[in-house]
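Turn these sequences into a full structure, and let the hints guide you.
In order, the protein sequence lines correspond to chains A and R.
The first sequence lines up with residues 1 to 249 when you count with this note's numbering.
The second sequence lines up with residues 250 to 800 when you count with this note's numbering.
Hints in this document: simulated from the structure, not taken from any laboratory.
A portion of the hints provided could be inaccurate.
No farther apart than 25 Å at their CA atoms in a straight line, the calculated lysine-lysine pairs in the DSS-like style are these [claimed, not checked]:
1) R:477 <-> R:539
2) A:187 <-> R:539
3) A:102 <-> A:241
4) R:254 <-> A:196
5) R:418 <-> A:197
6) A:241 <-> A:225
7) A:195 <-> R:254
8) A:50 <-> R:418
Note that the structure is a prediction, hence the values are computed from the model and not measured.
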Amino acid sequence: MKILVPIKRVVDYNVRVRPTTDHTAVEISNAKMSMNPFDEIAVEEAIRLKEAGIASEVVVASFGVKQCQETIRTALAMGADRGIHVETDVELQPLSVAKLLKAIVDKENPGLVILGKQAIDDDANQTGQMLASLLNWGQGTFACGIKVESETVVVTREIDGGTQTLSLKLPAVITTDLRLNEPRYAKLPDIMKAKKKPLESFNPEDLSVDITPRLKLLEVTEPPKREGGVIVDDVAALLDKLRNEAKVI
Amino acid sequence: MQREKMEYDVVIVGAGPAGLSTAIRLRQLAIENDLELTVCVLEKGSEVGAHILSGAVFEPRALNELIPDWKDKQAPLKTAVSEDEVYFLTSPDKAYKVPNLFVPKPMHNKDNYIVSLGNVCRWLAERAEELEVDIFPGFPAADVIIDEANVVRGVITNDMGIAADGKQKDNFEPGMELIGKYTIFAEGCRGHLGKRLTEHFKLDDNSDPQHYGLGIKELWEIPEAQHKPGLVIHGAGWPLNESGSTGGFFLYHLENNQVSVGLITDLNYSNPYVSPYLEFQRFKHHPQIKQYLKGGRRISYGARAITKGGYFSLPKMVMPGAIMVGCDAGTLNFAKIKGSHTAMKSGMLAAETVVEALSNGDEGGQTLTNYVERFNASWLHEELQSSRNFGPAIHKWGPYIGGAYNYIEQNWFAGKLPFDLHDNSKDHQQLKNKQQANKIDYPLADNSISFDLLSSVYLSSTNHEEDQRCHLKLSNADTPVTINLKDYDAPEQRYCPAGVYEIVTSEKGEEQMQINAQNCLHCKTCDIKDPTQNITWISPEGGGGPNYPNM
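As structure tokens, this is what we get:
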């Protein structure tokens, strides 16, 4: 079974971001970019399935600017077999990504697509679900456990107050949650080997997918600054403030 | 432990200006001479540039030699210096503008550029990769391999995935041996391996003690009306002079309404109550500085120590199998307050020396004394030699008389006066006992020009994997309390620009030192300034440390 792992290049989780001066976007010029951490978990899981003899090949795909190829190389260094890059400078929204992925799935015919539950830059949490719908496949979202059986995959999902276990018919789409695994560190020799692994590049037009954005971003603002606390003299003053200032009682 | 090995002709430690220039020059010469030569660069930061912090006014002399068509290749040297101003801040609200005529010549910046050195390094890394250099960000060199014959054979990268208690975690990945015919150490100021090599090979036996400064820098976005692209301001005086300390400040107007502002505190200061961080915060309130910052927003913060002893403090830079270059050795020109072009040149000379040796059939492991000859014959030597007295003059006589001496020596005699000034004091031995020192009453942050420490550290985007061994090692666990706290009121609480060191009271009511290693900015000040040299900085897990975007 082939596994497809879509990965996204996002601003690194350690970078403190801020809106651009004109408030139309998040400032990321020269900021460190990395693989979306949830996607890293997806790559790790796919590699583990390959190491367990369940998967035969792990293909990673990333869409966007040229530098996405670096992100693909990172996944190849972890142990994925080959990469697919769809290059575009157009801002990609979840529906466009899902459509591009469907085109890749049609070409590659994987038995399983594993991807992060959301990307840490836009936190959309939509691509996996949209892809399952476009493919008309089953979906197991927020996975914290994956067990592949002959015709099915058993997915344990993180839900409010506990977990839920589903059995999906293969092929299926799975989105990963934080506790599924802890990704490995890439080793130096593997980073070298990754440079030689195959990486194909396409344009969206090659795949006949319309990626025109459909949502318009109106404004990006910083969260309001937290005001410093005050120490009140007595209970009466506290009640007064709660009633008249905070208006919560 | 049996470790995996990888072999290269040359292994370079550190992807800063020195290391990357070494790599580029090596590969250029290999291609010119049709020589097979493999080169790798290890970098502890999560990416190239992540740990680079500098002012920076950049002198393109070395770059012109290394990559003459850098303009066509879109090097990020975008803002040419248009105006040069020097001030003595005489009080919290007064400044004396030094007439251009009296500014020591090396401080003139015509033909230089205001840059983000981090971005210059990112660009250099791309050039190096085009020449097939393997760059490995996120892989610190943790140790040096020295064989039985006392020859440097390479380095070992960090073990990854070791918990705070020393146990191996599930994702444990042992470090690798990187073996090179030659290893070039380019770690920057106070490199932790450079320090070990200096001790091991007694490289500084014939040089003056090294001297350091701590540079703290912020990047601001300011209102367009206050922005003068190309304006470079330097100066000294207040606030450091209040405590009898020395140092200097800079304020550079870059592109995109950004200014880079910083204060360098010489680490030979004597009052243990000095806080370089708070000196910097109050400095920004001086009207000469505030006029540019007011109404702006701060977008980044960071700190880094500077090797500034200069010519007389330069150690021996060669040893069997290795060369030490750039600020790891101490090639910064303090008179110019610039180290990038000199670091680059020292790396290029190292590359030329290594290629010469290898193409003559050298198998590696030799002490390349040819490097010293090349160094002595280069403009780098001439430049450092002519400003040899600059730092010692200021240390000896202070910024006014020392500054006047420097003006006379540099402008009238072009650095060729027949005497040498030596400064044989050691920075870490200068602290006075707390009883003999005055406490300093620093003003509170106003949250528009000045800020508290933790909100600053936050802007450095620093982080370290939480569950790992502490990378700030104490030789003696009691010293922070029995000596540092008792005699100097724990100065590490104040000189650390990241709040790593904190005296806390335990449940039993005992005072103890808490080390918040996660905050560390890798500036190395603690390794330098600790009065008993009890703190040793070692490399944390790869990728840890700041993530500077444009510093």
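Taking the hints in turn, this is what the structure says about them:
1. R:477 <-> R:539: Given pair residue 477 of chain R, residue 539 of chain R holds - Cα atoms ~14 Å apart, limit 25 Å.
2. A:187 <-> R:539: Distance ~48 Å between residue 187 of chain A and residue 539 of chain R Cα, so the pair is violated.
3. A:102 <-> A:241: violated (56 Å)
4. R:254 <-> A:196: holds (20 Å)
5. R:418 <-> A:197: The hint is violated at about 29 Å.
6. A:241 <-> A:225: Holds: residue 241 of chain A and residue 225 of chain A sit about 20 Å apart, inside 25 Å.
7. A:195 <-> R:254: holds (19 Å)
8. A:50 <-> R:418: holds (22 Å)
The structure shown violates the earlier hints numbered 2, 3 and 5.
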